[in-house]
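> These are the residues of each chain, in order.
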Amino acid sequence: MREITYAQAINEALLENLERDERVFLMGEDIGKYGGIFQVTAGLLDKFGPERVIDTPISESAFVGAAIGAAMTGMRPVVEVMFIDFTTCAMDMIVNQMAKIHYMFGGRGKVPMVLRINIGAGRGAAAQHSQSFHAFFMHIPGLIVVSPSTPYDAKGLMNTAILDENPVIFVEHKKLYATKGSVPEEYYTLPFGKADIKRPGRDITIVATNAMVGRSLNVCEEFSKEGIEIEVVDPRTLQPLDKESILESVKKTGRLIVADEGPVTCGVTSEISAMIAEEAIQYLQAPVLRVGSPDTPVPFSPPLEKIYIPDEEDVREAVHKMKEYL
Amino acid sequence: MNLSHDQKIDLYKKMVTIRLFEEKIRDLYARGLVPGLAHLYIGEEAVATGICANLRKEDYITSTHRGHGHVIAKGAEIKYMMAELFGKKTGYCKGKGGSMHIADVDIGILGANGIAGGGIPIAVGAALSSKMRRTDQVTVCFFGDGASNNGTFHEGLNFASVHRLPVVFICENNLYGISVSQKQHQAIQDISIRSVAYNMPGITVDGNDVLAVYEASGKAIQRARAGEGPTLVECKTYRWRGHHEGDPNQGRRYRTMEEVQEWVNKCPIKRFEEKLVGEKVLSKVKIKKIWEEIEKEIEEAVEFANQSHFPDPQDIYEDVYA
Amino acid sequence: MTGVEKLEMLRGSNFSEKPEGIKAVPAASRMAKEEGIDLSLVKGSGPNGIILVKDIENFKVSQGAIEGTLRTEEIRASTLAKKLAEKRSIPLETIQGSGTRGRIMMSDVIKAMEKPLPMMEERGIFGQTIPMTQMRKVIAKRMVQSAFTSPHIYFFTDVEMDGLIQLREKILEHFEKEFKVRISVNDFLIKAVALTIREFPMLNAMVKGEEIYVMPDINVGLAVAMEEGLIVPAIPQADRLGLGRIAQMRADLINRARAGKLKLEEIERGTFTVSSLAQFDITFFTALLNPPQSGILTIGKTCDHLFLKDDQVVVKKIGRFGLSVDHRIIDGTVAAAFLQSLKKRLEDPTFTFMHL
Chain A
1 MREITYAQAI
11 NEALLENLER
21 DERVFLMGED
31 IGKYGGIFQV
41 TAGLLDKFGP
51 ERVIDTPISE
61 SAFVGAAIGA
71 AMTGMRPVVE
81 VMFIDFTTCA
91 MDMIVNQMAK
101 IHYMFGGRGK
111 VPMVLRINIG
121 AGRGAAAQHS
131 QSFHAFFMHI
141 PGLIVVSPST
151 PYDAKGLMNT
161 AILDENPVIF
171 VEHKKLYATK
181 GSVPEEYYTL
191 PFGKADIKRP
201 GRDITIVATN
211 AMVGRSLNVC
221 EEFSKEGIEI
231 EVVDPRTLQP
241 LDKESILESV
251 KKTGRLIVAD
261 EGPVTCGVTS
271 EISAMIAEEA
281 IQYLQAPVLR
291 VGSPDTPVPF
301 SPPLEKIYIP
311 DEEDVREAVH
321 KMKEYL
Chain B
1001 MNLSHDQKID
1011 LYKKMVTIRL
1021 FEEKIRDLYA
1031 RGLVPGLAHL
1041 YIGEEAVATG
1051 ICANLRKEDY
1061 ITSTHRGHGH
1071 VIAKGAEIKY
1081 MMAELFGKKT
1091 GYCKGKGGSM
1101 HIADVDIGIL
1111 GANGIAGGGI
1121 PIAVGAALSS
1131 KMRRTDQVTV
1141 CFFGDGASNN
1151 GTFHEGLNFA
1161 SVHRLPVVFI
1171 CENNLYGISV
1181 SQKQHQAIQD
1191 ISIRSVAYNM
1201 PGITVDGNDV
1211 LAVYEASGKA
1221 IQRARAGEGP
1231 TLVECKTYRW
1241 RGHHEGDPNQ
1251 GRRYRTMEEV
1261 QEWVNKCPIK
1271 RFEEKLVGEK
1281 VLSKVKIKKI
1291 WEEIEKEIEE
1301 AVEFANQSHF
1311 PDPQDIYEDV
1321 YA
Chain C
2001 MTGVEKLEML
2011 RGSNFSEKPE
2021 GIKAVPAASR
2031 MAKEEGIDLS
2041 LVKGSGPNGI
2051 ILVKDIENFK
2061 VSQGAIEGTL
2071 RTEEIRASTL
2081 AKKLAEKRSI
2091 PLETIQGSGT
2101 RGRIMMSDVI
2111 KAMEKPLPMM
2121 EERGIFGQTI
2131 PMTQMRKVIA
2141 KRMVQSAFTS
2151 PHIYFFTDVE
2161 MDGLIQLREK
2171 ILEHFEKEFK
2181 VRISVNDFLI
2191 KAVALTIREF
2201 PMLNAMVKGE
2211 EIYVMPDINV
2221 GLAVAMEEGL
2231 IVPAIPQADR
2241 LGLGRIAQMR
2251 ADLINRARAG
2261 KLKLEEIERG
2271 TFTVSSLAQF
2281 DITFFTALLN
2291 PPQSGILTIG
2301 KTCDHLFLKD
2311 DQVVVKKIGR
2321 FGLSVDHRII
2331 DGTVAAAFLQ
2341 SLKKRLEDPT
2351 FTFMHL
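Chains as they are written, first to last, in our numbering: chain A, 1 to 326; chain B, 1001 to 1322; chain C, 2001 to 2356.
Next comes chain A alone, as it looks inside the complex (with noise of 0.2 Å):
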């Protein structure tokens, strides 16, 4: 099967749907000319023109806000935020409107669009263009967030998060863009709520999101040299969770580390934390570790922004503080 990038990926998945469904169209900043900011949206604009392809003014609450409007009327809007940082800019109208709007009507009203968004720090971008605050959107009921870790599950969650009828919160990331994966050529769903495992092992488990995946797998080798095996296991959706594969993991085991780039505080590592506690304690044989960013702004500074980033590194020492418990 032919690699291609994460970036390829979702670009495919946007062409295959502005091909076959005229209510879709794309919206946000840069993504016309330039191609967006990640060139994700690269070629588009040339195959589908200006109309469908909306190279916005940086207007976030205005155009976030014509999204929820056109998805209530009829449409199918993809909307590009240029970094989750400034989805503040659009806050009223991503978690007073676009999540609440079908509870409020009891059910009169619907906004299946999607709102693309990437998180990650790495780039040296700084605080105001570097963070992870997805669990905020896993913390609004009424949004749907998806976070893929591999170009395959980003193009098959792309196509789900369009045929949807709620609001998707699509959360991608900086540093895996230009990562490889093979993706098949032709159109193909991935469904929601359901965690793809994608490591099995026995005595450690690691749910990790997005970029964690790829990082707590590449520590799994070493470890398994020592006759250790942890289980990867990727939610791939927030919210919806599976619950379910994460719980039969973790009874398998009985040993949890939990990664997600994101703030530890409050984070999304917290919330599985804390569904463990509540509904697999008698398992656990061991305490569940957290891993993610500490609690501050990203920094600048290379090495101190190299520190706040949950790396490689990071997840090993997890995995050598779990060692005690084995």
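FYI, nobody ran anything at the bench for these hints, they're computed from the structure.
Keep in mind the model is a prediction, meaning the values are calculated, not measured.
Note that the Cβ used here is the ideal one computed from N, Cα and C, for glycine as well.
Do not rely on the hints blindly, as some may be mistaken.
Each computed SDA-like pair below joins lysine to any residue, with the alpha-carbon atoms no more than 25 Å apart [claimed, not checked]:
id : chain 1 : residue 1 : chain 2 : residue 2
1  : C       : Lys2043   : A       : Gln282
2  : C       : Lys2043   : A       : Glu324
3  : A       : Lys47     : B       : His1185
4  : A       : Lys252    : C       : Lys2043
5  : A       : Lys33     : B       : Glu1245
6  : B       : Lys1079   : A       : Pro303
7  : A       : Lys306    : B       : Leu1028
8  : B       : Lys1089   : A       : Pro303
9  : A       : Lys323    : C       : Ser2045
10 : A       : Lys33     : A       : Ala62
11 : A       : Lys251    : C       : Ser2045
12 : C       : Lys2054   : A       : Leu247
13 : C       : Lys2033   : A       : Pro287
14 : A       : Lys175    : B       : Pro1035
15 : A       : Lys321    : C       : Glu2057
16 : A       : Lys306    : B       : Ala1103
17 : A       : Lys175    : B       : Arg1031
18 : A       : Lys33     : B       : Val1264
19 : A       : Lys323    : C       : Lys2043
20 : A       : Lys175    : B       : Pro1313
Per label pair, the in silico range of CB-to-CB distance [unchecked claim]:
id : chain 1 : residue 1 : chain 2 : residue 2 : range
21 : A       : Ser224    : C       : Gly2332   : 50 to 58 Å
22 : C       : Thr2149   : A       : Glu324    : 31 to 39 Å
23 : B       : Ser1129   : A       : Arg2      : 57 to 65 Å
24 : B       : Ser1129   : A       : Thr73     : 40 to 48 Å
25 : B       : Ile1203   : A       : Thr73     : 38 to 46 Å
26 : A       : Glu226    : C       : Tyr2213   : 27 to 35 Å
27 : C       : Arg2240   : B       : Phe1310   : 56 to 64 Å
28 : A       : Glu324    : C       : Tyr2213   : 20 to 28 Å
Chains B and C: place on chain A using the hints.
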């Protein structure tokens, strides 16, 4: 507007400092010696220089992601700026902020801002505060044509006008919001006309003519200082390089090289230089000397930044809270 | 900084701290509860000694080895029962006691008389192949290990026990009042052995490859025979304990051995073994070392012997003591000297036991 020779030379020196600083960053960045992002001000020097020449140390400015010019013009020391861009502990923000977040509240720089339009409400607040404290401090708010479409622009101008706040809104219209041209992102050509909606004066000025900028902004600043309320000043200018260092071919994706050359020909520094030579304020010798001196200063700043240390690991937790 | 240091600094983590009162990880707690295991008996191998699931599993295996009915050195029987059993030549060991704590009552002896002789019942066992119990397997393995790893040499000496027996008689009542336990000859022996080992550290050593490791504490074990096999709980730091404490610990260990409630640690800590068959008509005997120990003391029955002293015939109570040692690290002269020193201590008990 009678500027003395020395004042004019100061304006000239300031613009050269900005130009050489940005060129140095351009070079270092290309060699991978500066981390992160860089949004260079080359070509727009007259705007920051002309405006800030009217300001006192205790006046405030808010800046943008393309803020090196603003902060240098307001009086920031280039060695601390350089250190900040290098991510060193000795930088203005102890290495924690980087290019887009340089700040020194002591000299009235309320921060460069990575969010388009993010500085507008903050500037309004500073103006509100000086009014409440009954000082005659003025706040100058820089933003671009792109930000003029953001909610904060409209909310900010409205608020400032209804409360008659001592703030001057400077729109640096460089015709692009990253890759999207002004024609594509708004229906108007002169952004200054939006002032009408907020019942404040609106002026458009040639942003590459430092004296014109100086004069126009000078009037606005006077108004504000006299308690007569806000003004919107639009400066037409152009950035020679791409939106950021790394923008392929200096923005080739969305603009033509001819267009760029047109504006390079209107270089603010060259124009002013020719004028001053014509007025016999400057000579070729003096010019050379000025450039050399400033180059030396910049080299020293780079040296300072190179010698400085990176922050220590535990510094990551410092200053999350006061 | 290392990743761990970073993690600690950034997280202020106390991942490995075991909070007060928490003994076991949740899965282990659940397992213990389900299987009726007393967590206080389980040794934890997790950080700060927290009990893990594998510790419970290990405990179950070792507990299986310890369980079994206990045969103590003293058969508890009523006076009437003893008389009747003696009269009828029924060994008390073969009678099941129905009184408090297994005390044999006269009714039990009568019942036993009515039963066919035990050996007749056990006839059924002849011709059968029975599987080894877990404990028997472990013992078999260890005995082989001992016999074929340590070259044994044996030494014997006759010890005049009169002084010791008299001393015991003298202090018996007072001792019991003070320490709530009846002092036994074994208590004196344990103490004397421990003091002698101080002089001869090799008797407290173990062979580790090409090195000799002299164990830090002198923990004297007392072999206790059970139906299942031999078990040897050890008195820790016996050289430093007073006789009262030794007696109390000895009684407690034996009781708990009988009830199957010994901790593995109480057995594993032993550094030297004392094995007594004094209740049987055994003059002397040899024993195999208890691995990884290097010395074991055997005690046969104390009997009256006749001696000529100054042309007079005198009676002395003689106990025949045996010593087996690991010839890899203990030579004849050392063993002999040890035994001689021990004999002297036992024959001059007042001095010996005034030592502390």
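> Any of the earlier hints contradicted here, and which numbers?
Of the numbered hints given earlier, the structure breaks none, since each of them holds.
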